[in-house]
Amino acid sequence: MWPWGHLAAAYLVYAMYTRFDPTRRQTAATLTALAVGSQFPDLIDKPFAWTFGVLPSGRSLAHSLLTLLLIAVVLHRLAALYRRTELSTAFTLGAFVHTLTDMSPTAVAGLLGRDLTQLQWLRFLVWPLRPPPPYANDTSFVEQFASLSFEPYVLFQFGLFGLAVAVWLVHGAPGLRSVTRRSKAVFTDFAD
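All residue numbers for the sequence shown refer to the numbering used here, where the first residue is 79 and numbers rise by one.
Calculated directly from the structure, the hints in this document are not laboratory data.
A virtual CB, placed ideally from N, CA and C, is assigned to each residue, including glycine.
Heads up, none of these hints are tricks.
Within a straight-line C-alpha distance of at most 20 Å, the following computed EDC-like cross-link-like pairs (lysine to aspartate or glutamate) qualify:
1) 124 to 221
2) 124 to 180
3) 124 to 216
Pair ranges (Cβ atoms, derived):
4) 102 to 178: 14 to 24 Å
5) 102 to 220: 39 to 49 Å
6) 156 to 223: 31 to 41 Å
Start from the sequences and build out the full structure, keeping to the hints where you can.
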């Protein structure tokens, strides 16, 4: 999935999470944590695999549910010290949604149809216990972007992003006022 698809999916899940409990609010801080979390696995794995050659694949360490679980526990404990667990929750939710939405629709459909050969495409979920799948274009940022084509799955992600923006607007564009207020204050102080 492309970055905008991950962000959209994470926001839609988070919107449902906050919608059904009035004590959970969408703020500029929680939405920033969610956005960073929704990109986190790729921000770690892709550079360390493609640029530095330290990881075996662009979906390995930070895409592993084992790693994400460890990160979630540590972050939540740290956030609890500062009474900001809503931030660790938003980040963690974004990261888990990212990883789950990286599961190939073909593999998921195959598994639902009891085709166990499709499990090979989900091995990244338990890395390092299993090696990552053999992806065709898992070598560089240039190759990844060169392979972008407007096939139905990519168009679906654009649609999902549009839906996420619409839901955000319907919910009153949470976080926007806070960001614009701070921006005005910064520019006003800068001009003085």
